[in-house]
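**Student:** Residue strings, one per chain:
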Amino acid sequence: MRPPAEKLIRALKVAVFLLCLAPAARLVWKGFHNDLGANPIDVITRATGHWTLIFLLVTLGITPLRKILRMPWLIRFRRMVGLFAFTYGSLHLMTWLWLDKFFDPHEMWTDIIKRRFITAGLTAWLLMLPLALTSTKGWIRRMGGKRWQLLHRLIYVSAAAGVFHFIWLVKADLRRPLTYGAILSVLLFFRIFNWLAGKMVSKPSARAVGDLS
Amino acid sequence: MLIKKPSDIPSSEITSKSTFLSRRQFIAGAALTGAAVASGLYMRRSGWHLEETASAGAKIAGIVKSQYSTTEKPNSFQDITNYNNYYEFSTDKYEPAKLAGNFRMRPWTVSIEGLVQKPKKLDIDTILKLAPQEERIYRHRCVEGWSMVIPWVGFPLSALIKQVEPLGKAKFVAFETVYAPDQMPNQHSSVLPWPYVEGLRMDEAMHPLTILATGLYDEVLPSVDGGPLRLVVPWKYGYKNIKAIVKIKFVESMPPTTWSIQWPQAYPFYSNVSPIEDHALRSQTYERRIGEFQKRPTLLLNGYADQVAGLYSGMDLHRNF
Chain A
-12 MRPPAEKLIR ALKVAVFLLC LAPAARLVWK GFHNDLGANP IDVITRATGH
38 WTLIFLLVTL GITPLRKILR MPWLIRFRRM VGLFAFTYGS LHLMTWLWLD
88 KFFDPHEMWT DIIKRRFITA GLTAWLLMLP LALTSTKGWI RRMGGKRWQL
138 LHRLIYVSAA AGVFHFIWLV KADLRRPLTY GAILSVLLFF RIFNWLAGKM
188 VSKPSARAVG DLS
Chain B
1027 MLIKKPSDIP SSEITSKSTF LSRRQFIAGA ALTGAAVASG LYMRRSGWHL
1077 EETASAGAKI AGIVKSQYST TEKPNSFQDI TNYNNYYEFS TDKYEPAKLA
1127 GNFRMRPWTV SIEGLVQKPK KLDIDTILKL APQEERIYRH RCVEGWSMVI
1177 PWVGFPLSAL IKQVEPLGKA KFVAFETVYA PDQMPNQHSS VLPWPYVEGL
1227 RMDEAMHPLT ILATGLYDEV LPSVDGGPLR LVVPWKYGYK NIKAIVKIKF
1277 VESMPPTTWS IQWPQAYPFY SNVSPIEDHA LRSQTYERRI GEFQKRPTLL
1327 LNGYADQVAG LYSGMDLHRN F
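Those protein sequence lines, which keep their order, are chains A and B.
My numbering applies: residue -12 is where the first sequence begins, and numbers increase by one.
My numbering applies: residue 1027 is where the second sequence begins, and numbers increase by one.
So here's chain A without its partners, still in its complex pose (with noise of 0.2 Å):
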């Protein structure tokens, strides 16, 4: 399939951003019209730790989608949807070091190394933390391909530290982070499959394989 034109993929990602930035935006509405209910730092909380998980799982997914689809050009969006999982990751960082905890070392030190979800959800966040750092052209091209493909690969790590964070959060009802823990396995599972499935085509050419981006 050819690649749409380059105004359109231009005119596609200003959209893509706005629908990124439309659950920041429904609090921001819901947040100035007092619609966000009794507990509205409950209720920030809550979203913006979906939102995370969500735009984690659709970073993912990208990769997948456009191997299925024969759509390479989706790799295009990749870096625009995991940044805002990290905008969302530090939103709901903040949540917990400001609104929870009010900046407090030792109570905040508490909850790391007793609450095994807190420490699952901050070293999600931390293992972001490079990525978003390291995500523009400029660091691709100052670490190489290669080490900058190395690195990136994290976000599997940070997404699984992101799901348990979730599951050892709830008191009784696992439904919803175990939805999200089985949209990752589906989209792990997809990298684990095609990285076998490259190896053995590639055998015993040293065709460069291995594609778990």
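Hints in this document: simulated from the structure, not taken from any laboratory.
Beta carbons: idealized from backbone N, C-alpha and C, even for Gly.
Don't take each hint at face value.
Claimed, not checked - Here's a subset of chain B near chain A, in silico, CB distances under 7 Å, partners left out:
| id | residue |
| --- | --- |
| 1 | D1105 |
| 2 | N1108 |
| 3 | Y1109 |
| 4 | T1117 |
| 5 | Y1120 |
| 6 | W1172 |
| 7 | V1217 |
| 8 | L1218 |
| 9 | Q1288 |
| 10 | I1316 |
Fit chain B to the known structure of chain A by using the hints.
**Tutor:** Showing chain B alone in chain A's frame:
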């Protein structure tokens, strides 16, 4: 594709100028979002409230004041009836308000049984006439770290207990919520074992602070908050306050409680509010009063230590919370 050298980067990986620019917009957008969320919260704090919804509940006549009420400012009817845990309807705290509207609270019979001289099946309207309806403005502390001040209407559980004359060997009281999956959609799920069950030790049940709530503000208790009849034990975490009660049974040994079946370490039988006893999921040192921004310190036994600490003298409260 194995990317070997920077020169091997396919053109599709190279940031176009538009993306580069959109990243700047993106950062600006993110900053704006943060600022807007913060100002939204600020406006809420500064009392920019919507109209409270009118309620269709019938008024309760002849409510008497009680010495046990707090003088703290109660939360709004709107907040109390739109934000609560009622897992029979949903695990989301905003959903029960939408789902409990058609819950049928009449006819309603409560079976009082077990180790008693006079077991009874009482109609709710008979129960309402057992004792004067009192206003009890209590602090309510949820184990999730939020709290409210709620003007319940109700009467001491002890008034009902005296009617059935418990036997000497009755040491605990077990409560049960109605099982009505046709009306309570989440009872079809298995997130918790249904029906919901709770329990109190006999002296806790007889304590004057322990009430059966039948109203909220000056209205009949809305179904969303556990109508027509729920337990309120203000020095314990909210989940002890079992809703929509259909059975009260007097027993000899400590009865199972739903949340302690679910997760024994996190939800012990006594579940007394304590700032020094951590829950598995959070520190209980502070709480956020609904409607407030800053957190406030949680009080031992939710501020009712003077009245109820005696119930637990000699007990290791660290082990028995």
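**Student:** Now look at each hint and say whether the structure bears it out.
**Tutor:** Here's how the hints hold up against the structure:
Here the hint on B:D1105 is kept, as its CB sits about 4 Å from the closest CB of chain A, short of 7 Å. For B:N1108, the interface hint holds, the least distance from its beta-carbon to any beta-carbon of chain A being 6 Å, beneath 7 Å. With a least beta-carbon distance of about 3 Å to chain A, the hint placing B:Y1109 at the interface is held under the 7 Å criterion. For B:T1117, the suggested interface contact is upheld, since its CB lies about 4 Å from the closest CB of chain A, less than 7 Å.
Taking 7 Å as the C-beta contact cut-off toward chain A, the hint placing B:Y1120 at the interface holds, the least distance being around 5 Å. Among the interface hints, the one on B:W1172 holds; its C-beta lies about 6 Å from the nearest C-beta in chain A, closer than the 7 Å criterion. Hint status for B:V1217 relative to chain A: holds, with the closest Cβ pair at about 5 Å, below 7 Å. Among the interface hints, the one on B:L1218 holds; its C-beta lies about 6 Å from the nearest C-beta in chain A, closer than the 7 Å criterion.
Against a cut-off of 7 Å between C-beta atoms, the interface hint on B:Q1288 holds, since the closest Cβ of chain A lies about 6 Å away. At its closest, the beta carbon of B:I1316 sits 5 Å from a beta carbon of chain A; the interface hint therefore holds under the 7 Å criterion.
Of the numbered hints listed earlier, not one is contradicted by the structure.
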